[in-house]
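Place chain B on chain A using the hints.
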Amino acid sequence: MTKIKAENIKKMFKIRSNGNSKNNGNTSKELLALGGVNLSINKGEFLSIVGPSGCGKSTFLDLVGGLTKPNEGNIYIDGKPVNGPGLDRGIVFQQYALFPWRTAIGNVEFGLESKKIAKNERIEIAQKYLSLVGLSGFEERYPYELSGGMKQRVAIARALAFDPDILLMDEPFGALDSQTREILQRELLRIWEETQKTILFITHSIDEAVFLSDRVAIMTARPGVIKNIVDIPLSRAVRFEDDVRTSNEFVRSRHELWGLLKEEVVKAQQIGVKTTLKISSSEKAVAQGEAWT
Amino acid sequence: MDLNNIASQLRLLTQKLLAIVVFLLIWEIVPRVGLADPVFLPPASSAFTSLGHLILSGELVKHTSISLQRAFAGFAIAAVTAIPLGFAVGWFKTFEKYMDPLLQTMRQLPILALFPVFILLFGIGELSKIVIIAIACFWSIFMNTVSGVMHVDALLIKSARSMGVSHSDMFKKVVLPAAAPSVFTGLRYAGTVALMVLVAAEMIGANSGLGFFVFMSETRFAISEMYATIVALTILGVIVNYILVVLEKRATRWKEEIVHS
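Chains A and B supply the protein sequences, listed in that same order.
Numbering-wise, the first sequence is residues 1 to 293 according to this note's numbering.
Numbering-wise, the second sequence is residues 1 to 261 according to this note's numbering.
Isolated chain A (complex conformation) (with noise of 0.2 Å):
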């Protein structure tokens, strides 16, 4: 059962040239960050979108949670068009964005907050995703106090209290040292299985994509389409198996992804790394843009 559609998606950022560059003032051009991407997620599924830096992954997963709107074409959840966020779709950052001023705990009751549930109903829903992501006893703690691997475990506790079928997950883990990384991606398939939810991950790590996901997507350079979508043939159980990271399935996916990947990524350096910062950059003016309006 399809979860989450996406239709022939096109977006557009207008990039502002500065005066010192050559083609002098204030000619604004346009710059297509994705191409047209058709997916299509079905219920209870983990799938993954890795492609280059500067492909449109993230932009991709702002458009899913209804955080900017497309140029072209529609998504779709549960057959019905995205216009605006929404208590359906949780999403995970990678720079946590955990409100400093509230503990903990407090994080996790904004999205509750919204919802409007009341007061003791709230602590009691918060102190158990809280528990769910292993920091029972730390609920009174600011952020500032928490180490960058036990704030995600928070941003995660956040995005799923609200009950929302969907989690979006951009880059969850790219900030965390590589053991706090596979603590947390294990637990995420805990979570998973506990919660039943559709995850859409986005990453630029093929070895993550594979340990997560039952599909992965792999996006093209700028402007980005999806170019392929593997099946990994790993069950559920045998992901917690310690060597399952060298089993001939494991190597194998990852093998099959990074040989798709490779074209994606010497394309993406051709195109420079002036455009890719310049993409970022207006990505962020879109979302901060729409934000005040």
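These are computed hints drawn from the structure, not numbers from a lab.
Fair warning: there could be bad hints in the mix.
[What the hints assert, rightly or not] Under the rule of at most 20 Å between Cα atoms (straight-line distance), these lysine to any residue pairs were calculated in the SDA-like manner:
| no. | chain 1 | residue 1 | chain 2 | residue 2 |
| --- | --- | --- | --- | --- |
| 1 | B | K249 | A | E145 |
| 2 | B | K249 | A | Y142 |
| 3 | A | K116 | B | G164 |
| 4 | B | K249 | B | T192 |
| 5 | B | K255 | A | L146 |
| 6 | A | K116 | B | S168 |
| 7 | B | K255 | A | P100 |
| 8 | B | K62 | B | S168 |
| 9 | B | K255 | A | E145 |
| 10 | B | K255 | A | Y142 |
Then chain B, alone, in the frame of chain A:
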């Protein structure tokens, strides 16, 4: 263990007071050995003796209370106008675009140059002094509030939006707390500004207050009283700043303390 604790507390106190003590010693010695004319720079001890006399006679209390009333009134007017206005200007981006040039220009205006204007408009009484203090404080609170609102982390806004907050909740639950540290920085700075402008205003046009008293002491040639009042003003400044720092810490206790004391 307790003894250790007391010892380390004592060491900390010495560390904090050492420079001040050395400064007072130099002040004491320089006029005594004739490096400065004791008539114009009496030793610290005589300034502090005068301070004691002024406190006991009640004179200092009278002037301090008048000065504090003016400073507080000006500061309060500035805070209640600058904070809401700062949030409005920071929040509505287009408004900020139009206002910014005017604000940047006004900020460069040497505020005391306006004092004669206020005397013309509001007379020599309390109002002109309170108004000039209010305006001087206004800028630092306002500018810091605007900048606090404008520099709210875009990611936090995005994160809050993803959890479906309403416009009013976005303001209450994200923008307000995120901008609070910057607002407090403005308030703290305004506290210093209030006392500075107060003294200047009282020197130019007043018949009471600490600034007036410094000026009067000088014209009466009561030099040690003049220094005593300057010391009193400094202590007052330290106290005001301390109070504002305590308030700031209480409001932003979620922030990582960089210096551990």
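Each hint tested on the structure:
Restraint check: the Cα-Cα separation between B:K249 and A:E145 comes to about 17 Å, which is no more than 20 Å; the hinted pair holds. A threshold of 20 Å between alpha carbons decides the hint, and for B:K249 with A:Y142 the separation of about 15 Å falls inside it, so the pair holds. Between A:K116 and B:G164 the CA atoms are separated by roughly 11 Å; this keeps the pair inside 20 Å, and the hint holds. Between B:K249 and B:T192 the alpha-carbon distance is near 17 Å, which keeps this suggested pair within the 20 Å criterion.
As the CA atoms of B:K255 and A:L146 are separated by approximately 12 Å, the hinted pair is consistent with the 20 Å bound. With a C-alpha separation of about 14 Å, the suggested pairing of A:K116 with B:S168 holds against the 20 Å cut-off. Restraint check: the Cα-Cα separation between B:K255 and A:P100 comes to about 7 Å, which is no more than 20 Å; the hinted pair holds. At roughly 46 Å between alpha-carbon atoms, B:K62 and B:S168 are farther apart than 20 Å, so this suggested pair is violated.
Between B:K255 and A:E145 the alpha-carbon distance is near 10 Å, which keeps this suggested pair within the 20 Å criterion. Annotation: proposed proximity of B:K255 to A:Y142 holds, straight-line Cα distance about 8 Å (limit 20 Å).
When held up to the earlier numbered hints, the structure conflicts with hint 8 and nothing else.
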